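Undergrad: Residue numbers (this note's numbering), protein chains in the order written: chain A, 1 to 250; chain B, 1001 to 1289.
Hints listed in this document are in silico derivations from the structure and should not be mistaken for laboratory results.
Please note: incorrect hints may appear among the correct ones.
[To be verified] Just some of the chain B residues that point at chain A, by a computed CB distance under 10 Å:
hint, residue
1, Val1155
2, Gly1157
3, Val1187
4, Leu1194
5, His1195
6, Leu1217
7, Ser1219
8, Val1264
9, Glu1265
10, Arg1266
11, Val1269
12, Gln1273
[Unchecked claim] Just the calculated beta-carbon pair ranges, DEER-fashion:
hint, chain 1, residue 1, chain 2, residue 2, range
13, B, Trp1276, A, Thr57, 50 to 58 Å
14, A, Gly131, B, Phe1101, 30 to 38 Å
15, B, Ile1281, A, Ser25, 52 to 60 Å
16, B, Gln1251, A, Pro15, 51 to 59 Å
17, A, Arg187, B, Glu1081, 57 to 65 Å
18, B, Phe1022, A, Arg101, 25 to 33 Å
19, A, Gly129, B, Asp1098, 34 to 42 Å
20, A, Ser72, B, Arg1146, 33 to 41 Å
21, A, Arg101, B, Ala1150, 42 to 50 Å
[Said to hold, decoys possible] On the chain B side, residues computed to face chain A include the following (Cβ under 7 Å):
hint, residue
22, His1243
23, Leu1257
24, Leu1267
These numbers were taken from a predicted model, which means no experiment stands behind them.
Backbone N, C-alpha and C fix where the C-beta goes; we use that ideal spot for every residue, glycine too.
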Amino acid sequence: MLHVGNLDVWFGLPPAQLVAVKGASFDVARGESFGLVGESGSGKSTILRAITGLIDTWSGDIRVAGEAVTGSRRDRTFHKRVQMVFQDPYASLHPRHSVDRVLSETLHLQGMTDIDSRITRLLEQVGLGRGFRFRYPHQLSGGQRQRVAIARALAAEPELLLLDEPTSALDVSVQAEILNLLADLRRERGLTYVMVSHDLAVVGHMCDRLAVMRGGELVEIMSADQLRAHQAQADYTSDLIGASIGYERA
Amino acid sequence: MSDHLISVRNLRVSFPTRSGRFEAVRGVSFDLGRERLGVVGESGSGKSMTGRAILGLVRPPGQVTADRLELDGDNLLNLPERRMRRIRGGRISMVMQDPKFSLNPVMTVGRQIIEAWRQHNRASRAEARQKALEMLAAVQIRDPERVFDAYPHEVSGGMGQRIMIAMMLAPDPEVLIADEPTSALDVSVRTEVLHIMDRLVRDRGMGLIFISHDLNLVSQFCDRVLIMYAGRIVEELAARDLHRARHPYTQGLLNSLPRLDQRVERLAVLQRQDSWREAEILPPPPGGL
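The shape of chain B in the complex, shown without the other chains (with noise of 0.2 Å):
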């Protein structure tokens, strides 16, 4: 046993190509703990591949590696199929980015997590009509009811990531992972739809991975946040020190960024470096975390 929920060592994820394995993750390691948890990255930074690893969601020919990757202790890295299934959804669940291409277009809302919950818990149909309308109410969808009976199709965007995040915790599960939760949505539902995440896993006591390529947003939600290059961590800050980052991507990053507050002449450039791919990962800064 330990403190952690889940614990990483020395992740690596790599596809066949044309001219020899790419290596997508490249040695990740970390800890997860009752806590949120932010993993920052461009596209291709291997910050979706780290979340699909866990949930052991790479398909052959892609191919796992680590030294380490276990839930509460237990084993996560190559297990069969039939006990993954019941880790995933169960104990580890996502949320996606794009509620139009996660949620079946042909079942009702209903249904669907009806149809999820019952992966991991017997009941009977009523046991888990009811279950659904709580997690629905839950998700803060006024009219449960009526959003039972509807379709995907007939629900908004934002109404159907609440749908996802209903589907994802009735099975009560330890960890979530959301990969980029609210990047679809617009800013007005997105404040909704963090606000509903936020407490639910604060009062569920869950570990949240949260994927997003939004520094600003994440540093704001998170407690503590993994910076990701190349397929590596290259820097790990408290979420409220985001400002005091010391790796010059993380610099770049957020220096790129054009600002609400204040008018900026040109937005700085970042000048990629390949010593950041191999480089020594940055820790906290003193008094930090």
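Pulled out of the complex, with its shape left as it was, chain A reads as follows (with noise of 0.2 Å):
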């Protein structure tokens, strides 16, 4: 579904640039549950963005469905395809649109028809039920926010949904709904998702396999069964997973 071959990204000209991600390949089956997880600055939310064409300045080699991308620009069969969810809902609605209005554009801009049905479909589809239609975001919590958001991504039909960090701004209790309602999403409808997150523990719920980042590389990519058990190979990954276990006392 998704391919990902040798990619450098960048930002700003030399001297004083900063290569954000470099040389990361992986490939992402269809219908597969991929993780990307670091800490900040590792390079993780980049190769997202690269994907959709939110930066431009990359080199390599990005094929979804055996079909390459180049540059920033992004054809409509593409958005078609592949939807992101972004991190902060309170960030990623417009305040002064409607949740009615919100998906009513991205169903037209998909050239959808019976777009009344359709968001009835969408909002029920992710539990908030016709009543949040004529909601604006202020009026919604973090949760249901993010629950648009995730309908806004679902509206175009996509195969492929990119998740950045679509629940490190919520509270634990509904972080579970939300993900439960993202492997529910996956399973009715087949969807491959690429997930971005700081929580070894979110991405070890959630997806098949996982690649583990450092400084804008990949260190290694493992299963979502030897993150449980523990079999790095990488000492950093190592320490990652021994960190994110918890405290000890010195």
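Put the complex together from the two separate chains, hints included.
TA: See below:
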């Protein structure tokens, strides 16, 4: 479904150039859920942004369903196939657009018909119900906003969802609801996920395989089972797992 | 005199809204000794407001009332601002969540530490500088001289938080209130910052109030945990007994966490009950504490 080969992403020009991603390569199969974990500045979100065309300073090979993409231009078929959910539901929804407008705009852009019934269906799929249709973001909680953002991403009926820290701004009990929703949607619709998170437990729960990143490089790719069994190849991954498990008194 | 550093009875914090007064904290009572006390809850549970009320940081029109709010037997409630300022930073300090927002961006690190310390101590410039360098070394900053002259944007998040801790501990307070001190930090840095805080608090015999949303972290780091829900304490536990929590809210929070050690098909979702808002506070299980 997704192929990333030898991806470099950089910001700025030499000598002040920052190479944010160095030679990243991975493949994600159709229907798979793939995680990218690492600490801040490791380049995990940058990879997603290069895939969607939010960054054009990259080189390498990015293919979605076999089709190569270039630069930052993406055509309509790309956006129909790939959608993204962002970290902060407080920032990613227009504060003066109602839920109805957010969704109908997306549906129009995708050239969909019978928009009215689609909106009702989308809201039901993300567990909000039609009562939320004419609300504005400030009338919604963080978890409800993230559900709207997920509905917007689903509106295009994509095959691949890019999830950038979708629950890190939420309380743990709300996080559980959103993670369950994402898992259900993937099962029902055969979606492919690429999920970025700093939280190993979240990625271990949601993904089949994951890549550990550090300083722009892929340290290793492992399965969720290997993660749970603490079978890391790289020392860095072991340290990360150790630190994630908790705090041990000195 | 009492054995308690801080003693709170029936603390209430409320704010006027268009539909009447909203109570963010509704009758919280606890005592703090020379221990690490964790306060856990979700956003809106009143945990941060409790910390701010102790420090007199709730601004009007917010209103704080309590039957008792004492530091070492001295009343803290509704003190004149002048007297509160002497206590705040001097006898009780606070470390906030994000060093990016709590450090002054246009002042060097060293000057900020000196400023904080000289609020509470008379000393010459040279002495103050010496003290600031000592504090930077105490939070394990390898090159204190360089960091002393650096501006906050020139240091990393983890180092920024260590600088905050250095600044807060310089006047030797009796109590440290840490409000989500590691939530903005990466896990590897988090461990380091916690170690430093742990050691300093223990060596100086301070009381620590550790406010956090992270149940597991608190249970590993603290001695005793208070769990807050909707402005009230719903359960008190010895940290090591967290897995024996009896309140359905505490249990629900624990169960909703994804786990690193085993596969869970579906995360448990918390079903909130109205009765939790008013229910009796559950004391620690027998044999606990």
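Undergrad: Hint by hint, say whether it matches the structure.
TA: Do the hints match the structure? See the list:
1. Below 10 Å, beta-carbon pairs count as interface contacts, and valine 1155/B has none with chain A, the closest being about 14 Å; its hint is therefore violated.
2. A distance limit of 10 Å between C-beta atoms decides the matter here; for glycine 1157/B the minimum to chain A is near 8 Å, and the interface restraint holds.
3. Contact between valine 1187/B and chain A, as hinted, is supported at the beta carbon level, the nearest pair being about 4 Å apart and thus within 10 Å.
4. For leucine 1194/B, the shortest C-beta to C-beta distance to chain A is roughly 5 Å, which falls under 10 Å, so the interface hint holds.
5. At about 5 Å, the closest approach between the beta carbon of histidine 1195/B and any beta carbon in chain A falls short of 10 Å, and the interface hint on this residue holds.
6. For the restraint placing leucine 1217/B at the interface with chain A, the shortest Cβ-Cβ distance is roughly 6 Å, inside the 10 Å limit, so the hint holds.
7. Restraint check, serine 1219/B versus chain A: the minimum CB separation of about 8 Å is within 10 Å; hint holds.
8. For the restraint placing valine 1264/B at the interface with chain A, the shortest Cβ-Cβ distance is roughly 6 Å, inside the 10 Å limit, so the hint holds.
9. The criterion of a C-beta within 10 Å of any C-beta in chain A is met by glutamate 1265/B, whose closest approach is roughly 9 Å, and the hint holds.
10. Given the 10 Å rule on beta carbons, the hint for arginine 1266/B holds: about 6 Å separates it from the nearest Cβ of chain A.
11. The criterion of a C-beta within 10 Å of any C-beta in chain A is met by valine 1269/B, whose closest approach is roughly 5 Å, and the hint holds.
12. Because the closest C-beta pair between glutamine 1273/B and chain A is about 13 Å apart, greater than 10 Å, the hint is violated.
13. Between tryptophan 1276/B and threonine 57/A the Cβ separation comes to about 51 Å, which falls inside the hinted range of 50 to 58 Å.
14. Judged by the Cβ atoms, the range 30 to 38 Å given for glycine 131/A and phenylalanine 1101/B holds: they are separated by roughly 37 Å.
15. One distance hint, 52 to 60 Å for the beta-carbon pair isoleucine 1281/B and serine 25/A, holds here, with the actual separation near 55 Å.
16. The beta-carbon spacing between glutamine 1251/B and proline 15/A, approximately 56 Å, falls within the hinted interval of 51 to 59 Å.
17. For arginine 187/A and glutamate 1081/B, the hinted distance range of 57 to 65 Å is satisfied, since their beta carbons lie about 58 Å from each other.
18. Phenylalanine 1022/B and arginine 101/A have their C-beta atoms about 30 Å apart, which keeps the hinted 25 to 33 Å range intact.
19. Taking the beta carbon of each, glycine 129/A and aspartate 1098/B are about 36 Å apart, inside 34 to 42 Å as hinted.
20. Our hint of 33 to 41 Å for serine 72/A and arginine 1146/B holds, since their Cβ atoms are close to 40 Å apart.
21. Checked against the hint of 42 to 50 Å, the C-beta distance between arginine 101/A and alanine 1150/B comes to roughly 47 Å, which is consistent with it.
22. Taking 7 Å as the C-beta contact cut-off toward chain A, the hint placing histidine 1243/B at the interface is violated, the least distance being around 13 Å.
23. Of the supplied interface hints, the one on leucine 1257/B holds, with its beta-carbon coming within about 6 Å of a beta-carbon of chain A, less than 7 Å.
24. Taking 7 Å as the C-beta cut-off, the interface hint given for leucine 1267/B holds, the closest approach to chain A being about 4 Å.
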